[in-house]
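Listed in order, the protein sequences are those of chains A and B. Residue numbers for the first sequence follow this note's numbering, beginning at 1 and rising by one. Residue numbers for the second sequence follow this note's numbering, beginning at 1 and rising by one.
Just to be clear, a hint being listed does not mean it is correct.
Unchecked claim - Reference excerpt, derived from the structure (chain B facing chain A, CB under 10 Å, subset only): (1) 95; (2) 130; (3) 231; (4) 239; (5) 265; (6) 276; (7) 280; (8) 288; (9) 292; (10) 375.
Claimed, not checked - Taking CB as the label site, the calculated pair distances span: (11) A:270 / B:27: 20 to 28 Å; (12) B:250 / A:58: 49 to 57 Å; (13) A:202 / B:368: 30 to 38 Å; (14) B:86 / A:409: 49 to 57 Å; (15) B:368 / A:80: 56 to 64 Å; (16) A:145 / B:309: 48 to 56 Å; (17) B:219 / A:416: 41 to 49 Å; (18) B:219 / A:50: 35 to 43 Å.
Derived by calculation from the structure, the hints in this document are not laboratory data. All C-beta atoms in this analysis are idealised placements derived from N, C-alpha and C, irrespective of residue type, glycine included.
There are 2 protein chains.
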Amino acid sequence: MITRADAEALDAADPLAGFRERFVIEDADRIYLDGNSLGRLPVATRDRLAALVAEWGTRLVSAWEDWIDLPAQVGDRLAEGVLGAGPGEVLVCDSTTVNLYKLVRAIMADRPGALVTDSGNFPTDRYVLEGLAESSASRATRTGHRELRQFDADPVLGPSPDDVAEAVAPGDVALVVLSHVAYRSGAVADLAAIEAAAGDHGVPVVWDLSHSVGSVPTELHAAGARYAVGCTYKHLNGGPGAPAFLYVREDAQTGLRSPIQGWFGQAEQFDMERPYDPVPGIGRFLAGTPSILGLAAVQEGVGLTAGAGMAAVAAKSASLTGLVVAYLDERLGPLGFSLGSPRDPARRGAHVALRHPQAWPICRALIERAAVVPDFRGPDIVRLGVAPLYTTHAELFDALERLRDLVERGEHERIDATRSRVT
Amino acid sequence: MITRADAEALDAADPLAGFRERFVIEDADRIYLDGNSLGRLPVATRDRLAALVAEWGTRLVSAWEDWIDLPAQVGDRLAEGVLGAGPGEVLVCDSTTVNLYKLVRAIMADRPGALVTDSGNFPTDRYVLEGLAESSASRATRTGHRELRQFDADPVLGPSPDDVAEAVAPGDVALVVLSHVAYRSGAVADLAAIEAAAGDHGVPVVWDLSHSVGSVPTELHAAGARYAVGCTYKHLNGGPGAPAFLYVREDAQTGLRSPIQGWFGQAEQFDMERPYDPVPGIGRFLAGTPSILGLAAVQEGVGLTAGAGMAAVAAKSASLTGLVVAYLDERLGPLGFSLGSPRDPARRGAHVALRHPQAWPICRALIERAAVVPDFRGPDIVRLGVAPLYTTHAELFDALERLRDLVERGEHERIDATRSRVT
């Protein structure tokens with residue numbers, strides 16, 4: 001049986017142990033296992049934001065000389081330090097939703113045919129594709145309709161290369177959109193094998209890296225990935241609503257036009273009396289004025305993860321989720337829990353889905369009565385997210401003990417489990 | 001001849017004089033006349049942002065319970081306190097560019113025909129329309145092309161009702177996009193008369209209020225305006241890259257679909273296993289996760305302007321720009337300056353364009369050698385922006401004296417005027 005001493009031993013040997021103190025953690029007894037919804041506040045980010053606000057106050061518009069390159073600068077750091085991509089291939093801007101829209105629409109412009117995703121993909125990805133398939137121009141011009149095909153992947157293992165090969169086989173597919181790590185089960189899709197399967201039919205894949213970036217390896221170049229988007233407020237700790245990112249491999253940039261043509265994507269931006277002329281390269285995917293506060297926070301968060309190194313981050317993630325799986329196997333089965341995530345650590349992202357028929361009241365009870373913060377994903381998942389930079393094995397063990405104790409005592413049956421909003 | 005004593009007397013009688021101390025102004029000798037590019041930092045915003053960052057650190061994901069309504073809450077305050085609109089008609093989200101794209105594309109969905117703007121409209125507005133006219137789906141499906149017509153308005157007086165009547169007369173126009181205040185000349189378009197002129201042909205007008213919001217009256221309901229977007233980092237002092245806003249009058253919301261369908265526009269957002277089902281009302285124009293830091297800053301900025309009251313703000317704006325015009329008439333003509341803004345104060349926004357053949361080196365010299373911060377707009381405009389909440393008549397007078405002195409001494413002819421980026 002795994003013990004707290006085992007967990008403490010893992011922490012003692014953890015090469016990333018020193019990163020925890022680089023985050024603001026004021027109430028250490030409250031065990032936070034929802035860093036994959038909103039990552040913690042880095043100390044450096046708190047200080048940087050205060051400095052940036054002061055800079056706004058004193059330098060005013062002249063500070064734009066330094067700020068204007070932040071979307072590309074932070075993108076380059078993210079590319080090199082985290083994503084396994086190159087300079088000039090990543091921008092930090094807008095939201096994941098807007099970036100996905102821009103990228104998919106740009107690719108669609110040159111590719112007729114159906115849009116494909118899996119029916120378990122994250123809602124905003126599906127909604128964006130639904131909107132693009134219907135094409136907002138359709139009612140007036142009665143043209144532009146695309147078919148949206150949603151295939152059913154294994155709910156635990158996520159979309160497989162075979163799923164994708166089958167989906168693109170008809171030969172009439174414009175593109176495929178998939179999440180690298182599934183938001184429910186935490187399954188890691190096989191980037192390289194899926195790229196190869198789609199590539200056999202010449203079909204581009206657009207990856208949503210929101211749940212994988214900063215937690216599992218995303219070697220985009222090595223995997224042959226050409227297009228991706230993702231968010232920065234989960235494992236990159238960029239803060240609530242921080243700007244997202246967009247990746248286009250260098251050789252795929254030529255000819256790609258953003259549908260949202262804005263002044264930050266314009267060559268010679270301040271020569272204002274000319275028609276639209278997009279900057280060469282990825283910069284054309286900038287639209288309006290980027291959020292400078294958000295970019296500064298993302299820069300700090302990306303720096304932390306890049307400094308830790310993705311190999312160490314991924315190893316720690318696997319170690320932490322392995323602890324959850326081991327504890328489940330040993331002690332949670334009799335309480336009605338089962339594993340809703342892949343058993344293979346190489347196919348598991350930085351969260352574990354514990355399935356239970358009473359998942360919702362259990363989540364509420366954990367938050368309200370056990371000082372543990374999980375997340376609920378309907379209909380039956382207690383989602384435990386681990387953050388390699390600040391979650392310890394010991395606190396994770398404590399959280400599991402509290403969970404077991406709570407359910408054993410039937411505590412979850414005594415709370416008001418009226419559904420409320422949880423992100 | 002107007003004197004500094006006259007300016008001081010105007011300040012002594014200024015009902016908004018008390019607002020200046022609510023901004024961070026550390027170097028009072030540096031006269032900032034570019035608040036219409038980036039507004040100053042309010043003291044309350046500095047404190048609010050520090051509190052918000054702390055809240056992120058301590059409350060973590062649970063704070064979303066309070067944050068999630070901010071786009072609508074800040075929008076309602078902006079609607080009621082500044083825009084002359086109603087609750088449920090304004091959202092604060094994304095950038096002006098993205099909001100304009102969403103709104104124009106949504107309207108186009110039901111309206112075939114050409115897109116119309118004036119050739120002097122702000123670049124990002126023209127770029128967005130160029131992209132929408134070409135339609136990013138066109139190469140694959142060879143459909144969806146729209147004509148973009150750009151009419152030439154008077155460069156000083158801006159687009160007139162007659163211009164718009166003429167533009168929509170052919171009967172094949174889908175919509176018109178115009179700026180309320182011209183970014184170069186500062187001309188205020190006649191909202192109500194232009195709405196009437198376009199309305200005679202049933203053509204909707206989408207207003208870009210970026211340069212007018214918080215500086216001149218924008219009584220949207222009274223003027224019959226149905227659609228608008230605008231930015232918050234100019235006269236609303238929301239900070240660099242702060243989220244923008246989007247307005248749709250309540251009766252125009254029905255049936256309008258955002259092309260960018262995201263999870264924040266979804267009814268029952270956290271019931272994730274359903275097709276897209278937009279929330280009733282304006283909320284469907286939300287896309288991805290909104291910037292919470294940005295929204296908090298905008299909330300403080302909007303509160304300041306709403307607290308001052310738009311009538312007082314507009315009166316002060318006219319008084320300040322009137323001082324510039326009077327000084328120009330009396331003393332700057334012999335130095336080669338002429339007025340590039342409307343003479344009628346009711347048609348003049350919160351900036352004045354001083355035309356001069358050497359505008360660019362004059363701007364550089366003002367910044368580098370006279371501690372005055374104007375903005376340059378090519379080819380020949382020294383743009384002086386006044387901010388009713390914090391610009392004083394006395395400092396504005398001083399800035400004009402420095403300008404005159406500098407040009408009289410030929411100081412601008414002795415600087416390195418290599419063009420660099422200025423926003």
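Cβ separation of residue 368 of chain B and residue 80 of chain A, checked against the hinted range 56 to 64 Å: violated, 36 Å
Under the criterion of a CB-CB separation shorter than 10 Å, is residue 292 of chain B in contact with chain A as hinted? Interface hint status for residue 292 of chain B: holds (4 Å vs cutoff 10 Å).
Do residue 270 of chain A and residue 27 of chain B keep their Cβ atoms within the hinted range of 20 to 28 Å? The hinted range 20 to 28 Å holds for residue 270 of chain A and residue 27 of chain B, with Cβ atoms some 25 Å apart.
Min Cβ distance, residue 288 of chain B to chain A: is it shorter than 10 Å? Because about 3 Å separates residue 288 of chain B from the closest Cβ in chain A, which is inside the 10 Å limit, the hint holds.
Please check whether residue 219 of chain B and residue 416 of chain A have a Cβ separation lying inside 41 to 49 Å. About 46 Å separates the Cβ atoms of residue 219 of chain B and residue 416 of chain A, which means 41 to 49 Å holds.
May I ask you to test the interface hint for residue 375 of chain B with respect to chain A, counting a Cβ-Cβ separation under 10 Å as satisfied? holds, 8 Å
Is the gap between the beta carbons of residue 145 of chain A and residue 309 of chain B within 48 to 56 Å? This hint holds: roughly 49 Å between Cβ atoms.
Range hint 35 to 43 Å (beta carbons of residue 219 of chain B and residue 50 of chain A) holds or violated: holds, 38 Å
Take the shortest C-beta to C-beta distance between residue 239 of chain B and chain A; is it under 10 Å? Since chain A brings a Cβ to about 6 Å from residue 239 of chain B, closer than 10 Å, the hint holds.
Tell me if residue 95 of chain B is really an interface residue toward chain A, meaning its C-beta lies closer than 10 Å to one of theirs. holds, 3 Å
Interface hint outcome for residue 265 of chain B [beta carbon to chain A under 10 Å]: Holds. Min distance 8 Å.
Falls inside 30 to 38 Å, the C-beta gap from residue 202 of chain A to residue 368 of chain B? violated, 56 Å
In summary, the structure is inconsistent with hints 7, 12, 13, 15 from the numbered list given earlier, while agreeing with the others.
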